[in-house]
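Asker: Sequence:
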Amino acid sequence: MGLFLDFLRRRDAWALVLAERKLGWIFGHDEPLAYQRAVEDVECLTDAKRIPCEPRSEGAWIELPGAVVDRVEEECDVVVHFGSRLVRGEILTAPEYGVIGFHPADIRKYRGLGPELLFLNGEATAGSTLQRLDETVDGGEIVAFDTVDIRTCYTLWEIEERIRAMQIRLLTDGIKNLQDPTVEPTLVSADELGELYYNTDRQRLTFSASLAAKNLVGRLKQTVIN
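Counting from 1, position 121 in the sequence shown corresponds to residue 121 in our numbering; the numbering is continuous, with no gaps.
Among the clues, some could well be false.
Said to hold, decoys possible - Simulated DEER-style distance windows between Cβ atoms:
1. Ala213 with Trp25: 14 to 20 Å
2. Ile168 with Ser84: 15 to 21 Å
3. Val39 with Glu90: 20 to 26 Å
Just so you know, the hints here were simulated from the structure itself, not pulled from any lab data. C-beta: ideal position from N, C-alpha, C; glycine also.
Work the whole structure out from these sequences, hints included.
Answerer: Listed below in structure tokens is the structure:
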């Protein structure tokens, strides 16, 4: 046991949480909105133009090549950032309405990590922020925001599914807001922004073990109730 704990401390304690998640899949706890799909497999995007490129990476950030930025500026009104690392550089101001992206929490409360803190802290609701990105971490203008009740969620994964479902509608709301001249995105001052929680927190054994344990307890409660 001591060797196992030492391995988790030195490597990645988040493996505990992922192992619990896989157990959930085995026992039929599905997360349909968590599945990733190739762009070409999404019917409404089969005819969409694609620009392959190799972004420049620096730490947690990426920057897109100048040729891509120029093309986006010419052809796009807005860019939706999803499923990649933090982005910075001229791409942020190239399209007319900027680059928008989701944070799965209220940036005025939690930045960086989101659902993990909501779950551990026993929050009654979960928020999601659609923000116009700038070169801060979850500090952009709020284009759209909403909350969902999570009191009946037993695991972190259920919370994430509810947030994803809400984001589908929230993206539509955000695009409409950008097109509406009477709606101004909400600028959040530095004093109003929530605390920043880093992905490296997942590597702390106490953090990941607490999440995995609470997930397991939640699954047991769900089984008993059902």
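Asker: So, for every hint listed, does it hold in this structure?
Answerer: Results of checking the hints against the structure:
1. Ala213 with Trp25: 14 to 20 Å: holds, 18 Å
2. Ile168 with Ser84: 15 to 21 Å: Holds, at about 19 Å.
3. Val39 with Glu90: 20 to 26 Å: holds, 24 Å
Hint compliance for this structure: no hint is broken.
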